[in-house]
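Asker: Residue numbers (the working numbering), protein chains in the order written: chain V, 1 to 287; chain S, 1001 to 1354; chain G, 2001 to 2283.
What the hints contain is simulated information worked out from the structure, not anything from laboratory work.
Small disclaimer: the values here were computed from a predicted structure and weren't measured.
Some clues are possibly wrong.
Claimed, not checked - One-sided excerpt, in silico: chain V residues whose CB lies under 8 angstroms from chain G:
| id | residue |
| --- | --- |
| 1 | L30 |
| 2 | P37 |
| 3 | W89 |
| 4 | P113 |
| 5 | M258 |
We put the beta carbon where it would ideally sit given N, CA and C, even for glycine.
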Amino acid sequence: MGSPLQTKRRRKPRVIPGFGLTLGYSLAYLSILVLLPLATLFWQSSKLGWSQFWFVISDPEVVSAMKLSFTASFVAALVNVVFGLLVAWVLARYKFPGKRFLDGIVDLPFALPTSVAGIALAAVYGANGFLGGWLEAHGIKVVYTAVGVTLALVFIGLPFVVRTVQPVMEELEQETEEAAASLGAGRWQTFYRVILPTIAPALLTGFALAFARGVGEYGSVVFISGNLPMKTEIAPVAIMSKLEQFNNPGATAIALVMLTFSFGLLITVHFLQWWSGKRVRQLRSTP
Amino acid sequence: MSIQVSHVDKWFGTYKALDDVTLEVPDGQLLALLGPSGSGKTTLLRTIAGFESPDAGDVRFDGADVTGQRVGERHVGFVFQHYALFRHMSVFENIAFGLRVKSRKDRPSKADIRDKVMELLKLVQLESFAARKPSELSGGQRQRVALARALAVEPKVLLLDEPFGALDAKVRQELRSWLRRLHDEIHVTSVFVTHDQEEALEVADTVVIMNQGRVEQIGSPFEVYEHPRTPFVYNFLGNVNLFHGRPISGESLQTEFGALNGRTNGPASVIGFVRPHELEVARVENGSSSMSAVVLQLLPAGPTARIKLELAENGAYVEAQVSQETYRELDLKIGEQVFVKPRKVRVFPEDYSI
Amino acid sequence: MSRVPARRKLATEDPIFAKVLLTVAAVIFLGLFLVAPLVAVFQGALANGVTAYLHAIRQPEAIQAIELTLTAAAFAVPLNLIFGLASSWAITKFEFPGKSILIALIELPVAVSPVISGLIFVLMFGTRGVLGPWLVAHNLKVIFAVPGIIMATTFVTFPFIAREVMPTMQSQGTEEEQAALSLGANGWQVFWKVTLPNVRWALIYGVILCNARAMGEFGAVSVVSAHIRGRTNTLPLYVELLYNDYDFVGAFAAASLLTFLALVTLVAKSVAAWWTERSVALY
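For reference, chain V alone in the conformation it holds in the complex (with noise of 0.2 angstroms):
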């Protein structure tokens, strides 16, 4: 809220020591490890030109790469969507035995090296693995093909959403809920009318994370697809490939396609969170 103060704003001796050396350091610890090489990428791909930009990225097999990367991404994102707010809503309202671990074991992707867990879902989902077995008895191949794929990006992405909802969830007021009761609302009306819309920013955050952690995500996923070309080969093993042949400027211009493509996702996160707070401090900081 503005004060008149506020018009005439003087530059006040700052009263707390040690902005200039934290800043100082912060900024050039930044410079040299984050943005000077992000810098080097923008700068070697810009060498490309625009013709040999479009040669690497319009090849037959790096489309069907990218394209099966925000295809799964994207599928197991609206997934994560679904089971995340599912997870959200148990962990966050209901009391049961074992609660406490399930909370806990939410988090076992972020934790958890990417190796490990391709290796695991590999295991698990392979032909001879527990489920993938039965699975395959069913007529679901989930190793070497898209599904797997997809499958291994929902266990990286399921933190993303549960763990942006379930604050949300937890704050919100019974009030509402109890107004919407008094209203003659049942459960479910009150749930769809009241309670999705409040938690609609946060659910929109969380897939716009998963979604964006999807596209990138590599060992959980190399492990089970296969790397197939033109068949389950994703976007970052086909930049990992064209680095193994040496082929450094058509890495890079897979990599900017992808790095647009992040930071316009994280952008757009950033704004989501800007406004969900924003409509959250204004009801709050009114009389």
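Mind docking chains S and G on chain V? Use the hints.
Answerer: Chains S and G alone, transformed into the frame defined by chain V:
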């Protein structure tokens, strides 16, 4: 519609929030549940609404038992302390909510919903705010939207939980008299919870004073203020001076520092209660119940002036309230010796705890 | 008339069948997706018994992978710790233009695919990279060597400590610091005696998370490492190597060490969260 609450108990774990509560709200009345925090007033309101189920006793509307009904089935309008507006909906959508969630056969047509909402917006004087979001309204406006939302379903009973609790003093004043006028207009049986005695006495037809889960007294504002039945009620409805003592005859009370006039009711040890405005301050001694005191502090600001004094006899602090005119006439100085005399004393047995 | 009515549902409580149904669905989902892979790791590691397991993790190559993993973490964690504290201090205690941009930049590495994180270091330090000719001329090797692994690891784990410490430091405000300064403490004393104790749980949690990611990073390290057995293999890379060699017991045995680390991280997270909650509740 009248409300009957009989012998209701409510436990939260080992804490008894309601203890054998019985009361009746006649049809069309505006009743205030008044008490300090933790007195059970909100729990009682929520029990009437159906948000809480009593552990014993029952709740009836017009004589029909609704104890087993859910909140949605009771057709009550409930206004929450913090409004609980749906923040993603406009003012219009908020008010229309109760009509939209009706089953298809009961649901009014779109045009009817529109008319109804506009009518309510007019009633709460917010016609031009239909498209606003709750976040764009002031506290008082939100409260009125919450009220209109509750009224949209044409409730048989209107329940308000600390309706003005979150507002600043001036808006509180305005909404208070507005609520009274509104109630006179629509005449729906209403119960509201408050911890502000002034609010209860000003707005309600009947005041129910609660303490520690029990009903202390039920009566009109005049009754409860002028004839408090318990020391708690006396103390809660305004400032009070305490005098300890024992009765000496039917009509007088022997205190540590002298005799006071007042009806006594038997026990060996009693407390006399005197409101500040019923304590006379004078320069000269006037009868046996006049007590010597020293002026400690003078507080002349406000509609009446307040004088804080220390009794010479036992060093107890008392407060007197006099008109500005009397205050000027007295022209007191701090440290001056004066005499105080109660005009009216309410006496309760000592074992009453407050 | 007095009776005790049967306990009824509250208005905001779901019907019991919905509760059971949803809980069971959530448990099954988490079981299939999270618990099953966890079990599979230990099952695979112990497939040929304990002796085979112990033999697998005592291989010299395994020991070397562990050492390199620890080395990478030993660089990445302290570097990012200092950065996390410095950037949190600058961002939460002061107002300056461009603050939100700085916060967004700190988050950047999270949005970058691990493979791309590796790629950018190849583009800088690889033989065909920007600094490649200079490095070759001075006989220095970064890519396909230990320095590259350390750099990629530090990049990937860059925001982890800052993003944990910053919100906590933000919520503490600056009043306590101002009080300490008014009592005559200098900047360092304020930091050590007031600020640091206030954010210690967030800091510990950030370090744990950062460490877990540093030890577990696979994609980025995979790009900058030459996968040379016994030389530039970290534990996650070693897992891949054995798996592709069809040495499943060995792969899962190595994986079990990393899984154990992940589980410790999760427990530590719960404990840290519990402590934060408790210290908040104490106020």
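Asker: If any of the earlier hints don't hold here, list their numbers in rising order.
Answerer: none
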